[in-house]
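**Q** Chain residues, written in single-letter form:
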Amino acid sequence: MADQMAVSVGAVPAPGSAERRRRLWRRFRRRPMPMTGLVLVAGFLLLALVGPLVTGDPVTQDYAATLAPPSAAHPMGTDDLGRDALARIASGARISLQAGVLSTLLAMAAGIPIGLLAGFYRRWLDPVVGRLVDVTLAFPFLVFAVGLAAIIGPSLTGVVLALGFAQLPAVIRITRGEVLAIKEMDYVSAAIADGAADGHILLRYVLPNCAGPLIVQATVAIPTAIIGEATLSFLGLGVQPPTPSWGVMLTVAQQYLDVAPWLAIWPGVLIALATLGFNLLGDGLRDVLDPRSGL
Amino acid sequence: MTWFILRRCGAAVMVLLLGSVLIFLGVRALPGDPAVVMAGEDASPALVAAIREEYGLDQPLPVQYVEYLRQTLSGNLGRSTQDQLPVTTILAQRLPVTLELTVLAMVVAITVGVLAGVVAAVRRGRFADYLATGFGLAGLSVPHFWLGLLAILLFSVTLRWLPASGYVPFTEDPAGNLQRMVLPTLVLGMGFAAVLMRQTRSAMLGALSADYIRTARSKGLAERAVVGVHALRNSLTTVVTVLGLQLGALISGAVVTEQIFVIPGFGKLTVDAVLTRNYPVIQAVVLVTVTAYVVINLLVDIAYALLNPRIRLSGASHG
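Chains as they are written, first to last, in the UniProt record's numbering: chain A, 1 to 295; chain B, 1 to 319.
Source of the hints: derived by calculation from the structure; they are not laboratory data. Since we're looking at a predicted model, the values are computed, not measured. All C-beta atoms in this analysis are idealised placements derived from N, C-alpha and C, irrespective of residue type, glycine included. It is possible that part of the hints are untrue.
[To be verified] Which residues of chain A face chain B? A few of them, derived with a C-beta cut under 8 Å, are:
hint	residue
1	PHE141
2	LEU142
3	GLY147
4	ILE151
5	ILE227
6	ALA230
7	PHE234
8	GLY236
9	ALA253
10	LEU257
11	ASP258
[Said to hold, decoys possible] Okay, the calculated beta carbon distance ranges per label pair:
hint	chain 1	residue 1	chain 2	residue 2	range
12	B	VAL13	A	THR66	54 to 62 Å
13	A	ALA64	B	ASP42	37 to 45 Å
14	A	ILE151	B	ALA46	24 to 32 Å
15	A	VAL269	B	VAL168	30 to 38 Å
16	A	TYR63	B	PHE127	48 to 56 Å
17	B	SER209	A	THR36	22 to 30 Å
18	B	LEU30	A	TYR63	36 to 44 Å
19	B	ASP58	A	GLY43	55 to 63 Å
20	B	LEU299	A	ASP186	39 to 47 Å
21	B	SER209	A	HIS200	43 to 51 Å
22	A	ARG26	B	ARG126	26 to 34 Å
23	B	GLN179	A	VAL269	23 to 31 Å
24	B	LEU6	A	TRP25	49 to 57 Å
25	B	ILE296	A	THR66	44 to 52 Å
In isolation and in its complexed conformation, chain A is listed as follows (with noise of 0.2 Å):
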């Protein structure tokens, strides 16, 4: 402990710099829980990538075999349609994993520019934009989604707005602060004494060093948005049958819990540990990347 201590206060590596990722890369890959993460977030990219390719047709409906238990042909046993659950999970880990990234890189795309802009520009944007993030947060995120529901239809852009939106202030908050810290550095102060423009200094300079509280934010946020799918496709207000989804997976397993209860099993465990996995991996993230962590 003592000796990474100073290894990290003495001479830090450049950001960005390759002896710097090795580094991070050595602290991140002894620790159990991070790399528990790791591998639980990369099983559920394979399988929302590749399952699909493999498990077969998830629309598929076989009346012959309707809410079939668990069976060598039906390794997760068959819904009320005699549709295959595995490849409806498979599937369903696609909509999730698209739920997930898109909501977070529209969060992304829409608040770092308004967070760099508003924490460089601090007299005459930053309280304009302060108010507004107020404001957003004074939405609980499921009137969004109910009030997208309503006007555009329950559907999965629905959905990707809907928690786009929510993790806004959070992504504009974030970025505002780096701004504001990183503006005091003399590298900044530098780049501005030799005449450089402002957007050179904002994406040469100030941007890629807000990045890591930045992907330690997309870690949150991903799983926030997995969940959040999943609930609003399970009430119905979000992706629609017969399209797989975990939420609408379960939302056919309540009706049909006492004669087959297998069909509640996997998704919730799926669920569960591929927001687990992101929050390790997360938690992990912010033990590496945040110098005060005492690593």
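Once you have looked at the hints, place chain B on chain A.
**A** The following block gives chain B in isolation, referenced to the frame of chain A:
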């Protein structure tokens, strides 16, 4: 302090006004004639005409907004398109149910979460800490509605201890009411207990390493008093903050829980309204949710300022 509260109230009113504009515009952003939208798809032309008249829907938008605001403030939230009942009547039936559920769940969450957090912090690195931390991580990762399904599967379908769903008002059958509330309350409360446990644990760990704790210990105070009086009190601001931050999650949690256990509360009303495109009800539930959210956040802010002098003295509350 008065100045702080007044400023907070002013900000809350601004947010509410802005919210009402958004809600007002939301219904009018829908494709089609807003009078038909408000009356419901199968409404008679006479009803559509009556609604157009009542809300002044042939007037310019700003006039309509002022009229909408006036009607809302005087307690007229329109009529449900399903049964033509006034929306306020429906809300009066549904809100107490949800209030009971959320209050009971919060009691569970605070009891379990704060207790587990304190124990985990005091017994740091021991078995009890790992148990509580594991519970916290699981609580964050397991979605409410799946926990609800598992609880029904275990306690209702397999063990047959508790009913899987349904609701009776407390005033009609207190025992039956509480019996049916056990599972929903635990399911909703456990997720928040997990969040509270994590926050209490880290706040307590911070407090326990502070100088005043060393002072209290070196005075010869009993460990129970050190933990209970000094450390815990200084961790309570965290609990209040977390409760405020988790309010949105509590609202969505209640919606989901009511859907699973078929409880006829505000949450079920919300989902049913969206699925049946019952726009007057949607408008009202969104308005009520935003209002509740803003008011409770205001109370949390004030409670936080009362607990933490640094906030009210600096007068600034934004980082």
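**Q** Can you give the numbers of the hints that this structure goes against, from lowest to highest?
**A** Failing hints: none at all.
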